[in-house]
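Chemist: Spelled out, the chains give:
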Amino acid sequence: MGGVQSFREMCDRTKNTNIRLSLPAVCVVWEIAMIILFGVFIRYNWESDAHWAESKHNLSDIENDFYYRYPSFQDVHVMIFVGFGFLMTFLKRYSFGGVGFNFLIAAFGIQWALLMQGWFGSLDYSDGKIKVGVENFINADFCVAGCLIAYGALLGKVSPVQLLVLTLFGVTLYAVEEHIIIKIIHARDAGGSMVIHTFGGYYGLAISWMLYRPNLDQSSRLQGSKYHSDVFAMIGTLFLWMFWPSFNSAIAGHGDGQHRAFINTYLSLAATVLTTFALSSLFQKHGKLDMVHIQNSTLAGGVAVGTAAEFMLTPYGSLIVGFCCGVLSTLGYVFITPFLEKHMKIQDTCGIHNLHAMPGFLGGVVGAITAAAASDTVYSHEGLVNTFDFKDEFKDMVPTVQGGHQAGALCVALIFGIGGGILVGAVLRLPIWGDPADDNCFDDEAYWEVPDDEENIIPNIQYNNHMQNKDV
Amino acid sequence: MGGVQSFREMCDRTKNTNIRLSLPAVCVVWEIAMIILFGVFIRYNWESDAHWAESKHNLSDIENDFYYRYPSFQDVHVMIFVGFGFLMTFLKRYSFGGVGFNFLIAAFGIQWALLMQGWFGSLDYSDGKIKVGVENFINADFCVAGCLIAYGALLGKVSPVQLLVLTLFGVTLYAVEEHIIIKIIHARDAGGSMVIHTFGGYYGLAISWMLYRPNLDQSSRLQGSKYHSDVFAMIGTLFLWMFWPSFNSAIAGHGDGQHRAFINTYLSLAATVLTTFALSSLFQKHGKLDMVHIQNSTLAGGVAVGTAAEFMLTPYGSLIVGFCCGVLSTLGYVFITPFLEKHMKIQDTCGIHNLHAMPGFLGGVVGAITAAAASDTVYSHEGLVNTFDFKDEFKDMVPTVQGGHQAGALCVALIFGIGGGILVGAVLRLPIWGDPADDNCFDDEAYWEVPDDEENIIPNIQYNNHMQNKDV
Amino acid sequence: MGGVQSFREMCDRTKNTNIRLSLPAVCVVWEIAMIILFGVFIRYNWESDAHWAESKHNLSDIENDFYYRYPSFQDVHVMIFVGFGFLMTFLKRYSFGGVGFNFLIAAFGIQWALLMQGWFGSLDYSDGKIKVGVENFINADFCVAGCLIAYGALLGKVSPVQLLVLTLFGVTLYAVEEHIIIKIIHARDAGGSMVIHTFGGYYGLAISWMLYRPNLDQSSRLQGSKYHSDVFAMIGTLFLWMFWPSFNSAIAGHGDGQHRAFINTYLSLAATVLTTFALSSLFQKHGKLDMVHIQNSTLAGGVAVGTAAEFMLTPYGSLIVGFCCGVLSTLGYVFITPFLEKHMKIQDTCGIHNLHAMPGFLGGVVGAITAAAASDTVYSHEGLVNTFDFKDEFKDMVPTVQGGHQAGALCVALIFGIGGGILVGAVLRLPIWGDPADDNCFDDEAYWEVPDDEENIIPNIQYNNHMQNKDV
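Protein chains in written order, with our numbering: chain P, 1 to 472; chain D, 1 to 472; chain U, 1 to 472.
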C-alpha cells in the first residue's frame, strides 16, 4: 500500500485539461491502425459475402443468420449508445460528457473488439482472415459494454484520452478473458453476467481505486443531479430495461434458446422493479423514492439472469432472481457505496458495484447452480446438448461438471477484472492524460464548449443583488 | 348521487402522503404472491422449451413464433414504458411521477396479466399449467396498456399505492372482459380498440369521477407544462406514433394479417396528424398550435383503426378513419374536456377521453361495419376464414352476423370500463392509500426526493427582492 | 442576379405569421385530395392482401416480405420522426418547431410519396392500381427524408405552410429523379447517397439561397443552443447513428445484400466518430469539443457509404470512407458554412451542406468507383447479377459501364436538387405563406402556444432590479 501511495503522489502534478494535441493524435493514429489491421485481417463471412447466392444451396434467404439476429442486434446497439449514454447524463453539468464520451469510446471499442475477438474466435485458418457477420457485431457491442460499465465508476473524473486507453486495454483483456471462459473452460454465458458485468464492474472499481481522489468533495456541488437531468437519465434506464431481454437472447441458440432467454430476462426485470421501489421507499425519510435507485437498481435483474437466461431456469426461478437483485442492489446504494468510498477509497460515481459487479457475480452463481441441476428429463437429450453445447471434445460432459466449470469461469472474470483494473489504473495515473483537477470534476466546461444558458444568468443576478445591498 | 356524495365526504380526511410502510409492503407481498403463483402455474410453452429441438420436427428454427412476433413485441414494449411513460412527463413538476409510476405499475401489471390471461386463455388442461411464449407477453403488455390509459386521467392526483390497486383490479377486469369479447362473443380486436382503449378509457374516467376533487384549482399553478417538459412528452408521442403499426399488427395473423394491419394503422395515423394540426391552429388565437393537441390527438388514428386493422379496410378507408379521428380528438380537447370537468365532475389530466375513450368507441364501430361488409370476393374464402377465424364452432358464421357480434363486444367493453371504474373508484376513496391533498397534486415533492435545481433559487431571489423593497 | 434580387425585394413585405386560415386550409384540402387519390389508385399488394392465404402456394408465412423488411422499416421510421425531429431541437427556443413541423411534413410527405412513387414504380398496368407493401412504405420514408434534409437548412426561418409546399414539390421532384436514376439510368443506390442526400441537400441549399435574409443577425441571440437543447439533439443524433445501418440495408437484396449493407454502414459510421472528435478538438481553442460537430458530423459516414453499402466495398474500405467523411464534414462546419453564409448568401441553419450534400456527393463517387471495379471473382457470377441487377434489358451490362451510369446518376441528382430548389424557392418567396420576420426567426412564439417557464421570470427579475436601481 505504501508503494501504491507514493506512486500516486508522484503522479499528482498540476492538472491541465487541454487535450488539443493528445485527443486528435490518439483518435487519428488509432483509426489509421484500425484501417490497416482491417485491411489485413477482416473479410465478410459466407452469409454477408456476395457468394451467398451460390453457396446457400437450398437454404431460404430468410434463414440467413441476419434475420435471426438483426432485430436483437439493433436493440443491443440502442442499449450501448442510448441506454448507457443517457443513463450517464444524470449529473447536473456532465450530460455532454456522459453521452458524448460514451459515444466516442463505444465507436472505437467496437472496431478494436472485432479484431481482438476475431483473432481468438473467428479466424479462418485456411487464409488467415477473420470472417465477420452479424454475430460478431453483437459480440463487439457486448465487449464494449464491459468498458462502458467501467466508465460508470469514473464518470466525471477522467479525460477522454484516459477513456480511450481504458477501452484499448479493456477490450484486449475482455477478449482474452472471454476466450478462456467460453472456449477453454467451456462455460456458457449468453447474457454475460460473468464475462461482461463481473469483469467490467470490477475492472472499473479497481481503476477507480487506483485513481482515488481524496479531496473530491471540492467539486461536490456538481456531484448531484437536477430535475431534468434525472428525466434524461430515465431515457437511458428505460431503453436498457426494455431491451435487456434482447441483450441476453441476442447470441443464444436459434429457436427455443433465444425465445427462453427473452422470457427469463423479462420476468427477472419485472420482479426487480417492484423490490427496488419497495426498498427505495423504505430507506428514505418520509418514504420518498430516490431516483438513483429507480434509474439503476431496476436493471440489476437483467444482469443477474444473464448466465442462466438460456437455461431452463423456469419462470418463477427468474422472478426469484429478480426479487433478490432488486433488494441487494438498492441496499448496495444505501449502505455499500458510501462504505466503499469512506473505507475502501473506491469512488463509484454511477454505483456500478450495485448495478453490475454484485449482480454479475450473483448471476455467475445462479448460472453455475442452474447448470449443475440440468437433466435429460427437463431439457430432453437433444435440448441438453444444444443448450450446453455438449459436442465434439465436450460430448461426454455432464451437467454437474458443467456447474463446476461455470464456477471456475466466474473466478477468471473476477481475476481479470481486478488484476486488469489495477494494471490499467497504474497506467492512467501517469500525468500525461489531461485529466481534470478535483474542482473541475463533474463539469463539462473542462472538455466541451458549453452554451451560455439563462441559468448562468442567475449567479449574476445574485451578484447584482449583493451589490445592491452593499450600495443601499 | 347523494349516497355517493356522502361516501365521498366520509373518505375525505386529512391527507398524509407518507407511504413508507404501505408501498414497500404492497410491493413485497404482491411480488412474493407472484413468485408462488408462477411456481404453481407458469411454464414455458413448446416453442420456448428446450424440448423444441426434438418436437419441432421438420419446422425450421426461423418458423418459431419468436421470429414472427419478437420485433413487434419490442416495439409494443417501447410504447408501454417509453411511449406512455414519457407522454406523461408533460407536467412541469410531475415528470418523475409520470415516467416512474408508469414504470412501476407496468412492471407489476405484466406479471399479474400473464396469470390472469393465462388462466382464461393458455391453460393446458392436461397438466393444469399455463404455457407461455412470446404472444402471451405481447398480450400482457396490451393488458397493462388499459391500466396505463386509466392512469392518464388520474395523473398527479393519486398515490403509487392507489395505482397498484388500480392495476390489480384493472388487469383482472381486463382479463375477464377480453375472455368474454374474444372467446365467448368471438369478436375480433387485433389492435384492441374495444378491449384496450374503450375499456381503459372509461375505466379511468369512471375512477376519476369517483375521486372528484372540487377544489383542485388550488394546485393549478402546477397543472401546466413548461418548455422542456413538453419536449420530453414529444418523445412519448413519437414512439407511440411510430410503433402503433406494430401494436395493431403484433398479434394479427401470420403473413398477410400482420402486413395489412401495419399498413392500415400507418395510413390512419398519417392522416390524423394533418387534421390535428389543422384543427389545433383553427381553434387558437392567432392560429398558434397547441402542444397538448400535437402530443395527443395525433395518436387517435391508431386507436380508431385498432379493431379493423387486420380487415380489408382498404388504404383509403384507413385515411378516412384517421381524418375523422384527428378532427374528433382535437375538438374533444377544445370543447369536451372542459365540459366534462365543469359539468360532469370528471377531471381528466391527460385527456384520455379524447385520445382513447372516444376513438376507441369509434374504432369498435368501424370494426363492426367493416366486418359486416366482408365478402368472399374481397377476402377469398380462405382469407375470410383466416381473418375472422371462422373455424370449429364458428365455422358457419357469416360476416353480417360477425358485425353484430362486434357491436355486442363494444357494449361489453363499455360496461366493464364504466362499471369496473365505479367499483374500483369506491375502493380508492378509502382514506388509507396515501393520496395527496389538493395543493400537493401534480407535485413530485409528495413522493420523490427532488434535487435542488437552479430554478428553485428563483423564488428565493424574488423573495430577496421583496425584502429589499421593504428595506428600502 | 439582378432579376433575382428585384424579385426578392418585391416579395419582402411586412410579415404576418398568423396562419389560422392558411395552415388548416392546406392541411384539410390536401388530406381530402389524398383520400380521393388513394381511393382511386392505392390497393394492397399480394403479400398484404387477404388472398395471400390462397396465392402464397408453398411459401412459408415467414417468407412474406414483411418479415424480411419490417424491423428495418421501423428503424427507418424512428430515424425520420425521432432522428431528424430531435436533431432539429438543438436551438434554444425552436424545439417545438424542430420536432413538431418535422412531424407534420413527414406525415404528409409519406402519403404523397406513396402516390408519386407508386405511379412511377408500382403501377399494375392490368388494373391501373398501385399495389403497396412494406417496401413501398420504406421508400416513402426515404422520399420524405429528402425533404426533411432540406428543412434542416431552413430551420427557424419558414412557416409550416411553406414547409408543406416544400414537401409537395420536393416529393414530386424526388419521385421523378428517382425514376430516372434507378429505372432509366439503371444506377444502384440502396442507401440513397445520390437520390436522397445529394438531392435533398442541394434542394435545401438552393431554397435557402432564394430565401436569403440579409439582416438575420437581428435574431442571432436565439440562433444558438442551450445546455438541455443540446442533450435533446443528441437523442436525434444517436437514433440516426444507430439505425443508419438499417436505413442503408432496408431495401437491399434479401440475404447477403441486407447483411453486407448493414456491415459497411456500421463500420463507416464507427470510423467517422473518431475523426469527428479529433477534428472538433483540433479546431477549437483549448481543444474543447463542439456539440455541433458531435451532433452532425458523426453521421456523415452513413451518408457517404449509402450507394456502395450493398457492394463488396470491403470492411476496410468502409472504414476509409468513414474516416475521410468525419474529416471533411467537420472541416465543413469550421470553414465552409461560414463561407457559404458570408460570400454565397446561403444560410444553412443545421449545416446540411456538411452532413448531407457533400457526403452524399462523395458517396455517389465512391459508389461509381466501387461499381466500376466489380468483378466475377469478387462477387461470383450470380452475386454480380443479383447485386447490380444485371437482368432483362440490362443483362449484357458490365461493371465498368455500370460505373459510368452511377456517375451520370449523380449528375441527375445534383441538377434536380439545385434546379428544383431554385424553382421552389421562387414560389416560397411569394408573400402569402406566413413566414416570420427576421427578428421572429428561431422563435417558437411565432407558431406555438409556448408555456410560461420559470426561465421567463428571469428577464422580469432583471427588469425589477433595474427598477430598484432607479428607485434607489
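Watch out, some of these pointers could steer you wrong.
No copy labels: a pair is met if it fits in one copy or bridges any two.
Keeping only pairs whose Cα atoms sit at most 35 angstroms apart, straight-line, the calculated DSBU-like set for lysine-lysine is [said to hold, decoys possible]:
| # | residue 1 | residue 2 |
| --- | --- | --- |
| 1 | Lys288 | Lys15 |
| 2 | Lys15 | Lys285 |
| 3 | Lys131 | Lys285 |
| 4 | Lys131 | Lys345 |
Rather than coming from a laboratory, the hints here were simulated on the basis of the structure.
Chemist: Next, verify each hint and record whether it holds.
Modeler: Quick rundown of the hints versus the structure:
1. Lys288 / Lys15: Result: close only across copies, 16 angstroms inter versus 40 angstroms intra.
2. Lys15 / Lys285: Classified as between: cross-chain Cα gap 18 angstroms, same-chain 40 angstroms, threshold 35 angstroms.
3. Lys131 / Lys285: neither (57 angstroms within a copy, 43 angstroms between copies)
4. Lys131 / Lys345: neither (44 angstroms within a copy, 50 angstroms between copies)
Of the hints listed earlier, those the structure fails to meet are numbers 3 and 4, in rising order.
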